[in-house]
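Listed here are the chains, written in short residue letters.
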Amino acid sequence: MQSRGEEVLKTAAITKIYPDGTQALRGVDFDLARGEVHGLLGENGAGKTTLSKILSGILRPTSGDVFVNGKKAEVRHPKEALKLGVGMVHQHFTLVRNFTAFENILLGTDVNPKGAGASKARQEILALSKDVGLGVELDAKVEDLALGAQQRVELLKMLYRKVQILILDEPTSSLTAPETVDLFKAVRRLKEEGKSAIFITHKLNEVLEICDRITVLRHGEVSGRIEAANADTKTLARMMVGRDVVFDLVKEPSHAGDPILEVSDLVVRGNRGEDAVKGVSFAVRRGEIFGIAGVEGNGQTELEEALSGVRRPSRGKIKLGGLEISSLSNNEIRKHSVGLIPEDRRQMGLILDMSVAENSILGREWERRFRGQGIALAWAKVKDHASRLIRSFEILVKGPDSPAKSMSGGNQQKVVVSRELTDDPDFVLAAQPTRGLDVAASDYIRRLLLKTRDSGKGVLVISADLDEVLQLSDVIGVMYEGKLLEVGPTEKMTRHKVGMLMGGVKE
Amino acid sequence: MSFDVTSVGAISVISLDFMVPIAMTAVGEIFAEKAGVVNIGLEGVMLTSAWFAVLIAWTVNDPYLGLIGGMAMGVAFGALHSVISVWLKGDQIISGVGINLFALGFVPFATFAVWHVSGVYPPVSFSFGRIAEISTPWAPLSYFVPMSVVIAILFWYVLYRTKWGFQIRATGENPEAADAVGIDVEKTRIIAVLIGSALAGLAGAYLSIDVVGQITKDISAGRGFIALATVVFSGWNPLVGLLGALVFGYSEGTATWLAGVPEVRSAIPHADYLLGAIPYIATLVVVAVAIGRSRPPKAVGIPYKRE
Ligand SMILES: Nc1ncnc2c1ncn2[C@@H]1O[C@H](COP(=O)(O)OP(=O)(O)OP(=O)(O)O)[C@@H](O)[C@H]1O
Ligand SMILES: [Mg+2]
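Which chain is which? The protein sequence lines are P and A, in order.
Just so you know, the first sequence maps onto residues 3 to 509 in the numbering used here.
Just so you know, the second sequence maps onto residues -18 to 288 in the numbering used here.
Bound-form chain P, shown alone (with noise of 0.2 Å):
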């Protein structure tokens, strides 16, 4: 074991208790030395945001302190903070949709990306995107960037600002495979320059790979903390959930029935006018999961859109149970006995601000069983079908009155997939369906699909995370600039032939 650096950061005894009264976190020893990637671990709802948010100065703690290279800390807003060095990367981004990369990169900088500066900033940002190999179109957009390259952004943005210490809020949950390799290259090279991270995740090879300690927080508390050359992934699993996780995913042969969705042909325009799917025909048949397996922005989102009614395809044939369905808004679509799980959950799955309830039954609420007397709605019936949702899901939430944007990241796409898995539909859309999910989670999630396929439903994943597609998919077709390149089943597309397509080579 190497001897680690000075202490860069450490905190003592950090409680927070929200306005509401839920206890995040409970006295929380954690410490950072120079050099160090420490990695944060814990289940949906442990808290390991909520203590970088402290850290990072967005919220203040209830009890407790912060010292910064060995000095105590008052960071009372986001701006002391970056000035002592320490700077975050958060689960959803913080950045204005609206602008272009550029301007976010600079915003709340010296330099005014109108002003003198700007060319000059040009050259550094460039100079360092090249430099730890995260390249972004720096004039685009970001509402017109895919996740992956929204993370970049983030990443330059804080990168930029020559923080010291840098906290990922799970980074890599919407980065694929080689766009993970990559950001770790960017962190290692962070750690060869004498800088630290905080890296929390979800999984578990990763925190392995990149971290050199793990702390692990179990309902708001350290549960343990282990080097990472002493840990396994087995060990962890019983660290964050206090019990053995068994990740064997049994999976029945599938017996695979006739169409119950068939694409022909779709042709779909994505924001910025371009064709981003050109001509994919497939059919997902009953009783069998279809998996998308491809690297984000090849045309997926505007695939699920597309499919789920969000967007009209310009050319093309959509049949759900031999319906015609590519002209029906997504209000209709649902009306067919349709799960969709969006890929964006925070802009399409959830209203933020109302309670888990009311989202619990988003798009459901013509439903005759939560009508009540004349036009109103059956309060009582729904906050019933929510309690029902968060004891059979495990939703850790305060209540069904709670807002949804109370919740962890994970707990929220968990009222999103409780709400579409519940009325057993005959065609479940899953984007991305375990994006940001913990283990346990996850594991959860992807069960529940393969019990969805297994009572001869059809369902098709679309997921940016190779191993899931895997995984999951009795067919798998890997998608690749708007084009379905090759389509087979699980047994003929071997991980290495999947990973080569999704880079577009072809053997």
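Just to be clear, a hint being listed does not mean it is correct.
Residues from chain A shown here face chain P by an in silico Cβ test under 7 Å; the list is partial [to be verified]: (1) 142; (2) 144; (3) 155.
Calculated from the structure, these hints are not laboratory results.
Everything numeric in this text was worked out from a predicted model, so none of it was measured.
In this text, a Cβ means the ideal position worked out from N, Cα and C, and glycines have one as well.
Let chain P serve as the given structure and place chain A with the ligands on it in line with the hints.
Only chain A with the ligands this time, still in chain P's reference frame:
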């Protein structure tokens, strides 16, 4: 009835006069909304500021101090509105409605309390006349006309070309993002509201001190609301806002001019009332056309809370 170059000139001078208060108020409101705060109490701000400007001017017998007083009243309302809606995170609409209701009650009451006149048009008139003007072949033109053009250009420049404006726009689009990079969201919003309200206050003072030369309890005559419509029409761009104000100015100016033509008066019964409705009809038309196409700042109207 003769309609020639002279009448066009005369209409234009009146119209430009009417453009000024709408342009200034709209530009100020664009500024505040770009930071994320809407103030539907502009009508009340204008009205109260118009009254206060007259009070000051009448007390110290100086129209310029009156204008400054009106502006100060605008700032005071901005302070009130930002305390409620930015600092205490209250509802911006309720705060704005409160300001309007206050003004409706306060101005007639205070006018009576100070000058002991009431009724529709309290005869408190000043002899300042137009306080500063450029002569034209038709009628004198207020310096406020070129000034509001300068203000619109200046505010456009600040919003779209300076670092500060960049931060203001970020605050109105995504306060979390602004906060995360160290921008003080509350401070930015409060300052933008204060500046925006100052312009509404100045617009009110201009009406009472410069244009009419007296205070009436309905001197603002819906101009605060027309300014809000102009903001939507402009797509939150001060330069387009100036253009919108010009359209409203002409609709009001033309109506006013027509109402003074004897032939029109005799031809149309109740011509005053009918013609007086033109600016409001124009507002409806403009908003109906513009509303779907212009995109408001994303976080406008939503108080920013961290936890
Ligand atoms: N704004 C808030 N108001 C009230 N409670 C909150 C708020 N934000 C988070 N919480 C609660 O605090 C706890 C910790 O949440 P936090 O977001 O820190 O979890 P996390 O470990 O980051 O989880 P995830 O892996 O899902 O992102 C959770 O119980 C959550 O519901
Ligand atoms: Mg989190």
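Results of checking the hints against the structure:
Using the Cβ-Cβ criterion of 7 Å, the hint placing residue 142 (chain A) at the interface with chain P is satisfied: the shortest such distance is roughly 5 Å. Nearest Cβ of chain P to the Cβ of residue 144 (chain A): about 4 Å, under the 7 Å cut. The hint holds. A least Cβ separation of about 5 Å between residue 155 (chain A) and chain P falls short of the 7 Å threshold, and the interface hint therefore holds.
In this structure, none of the earlier numbered hints is contradicted; all agree with it.
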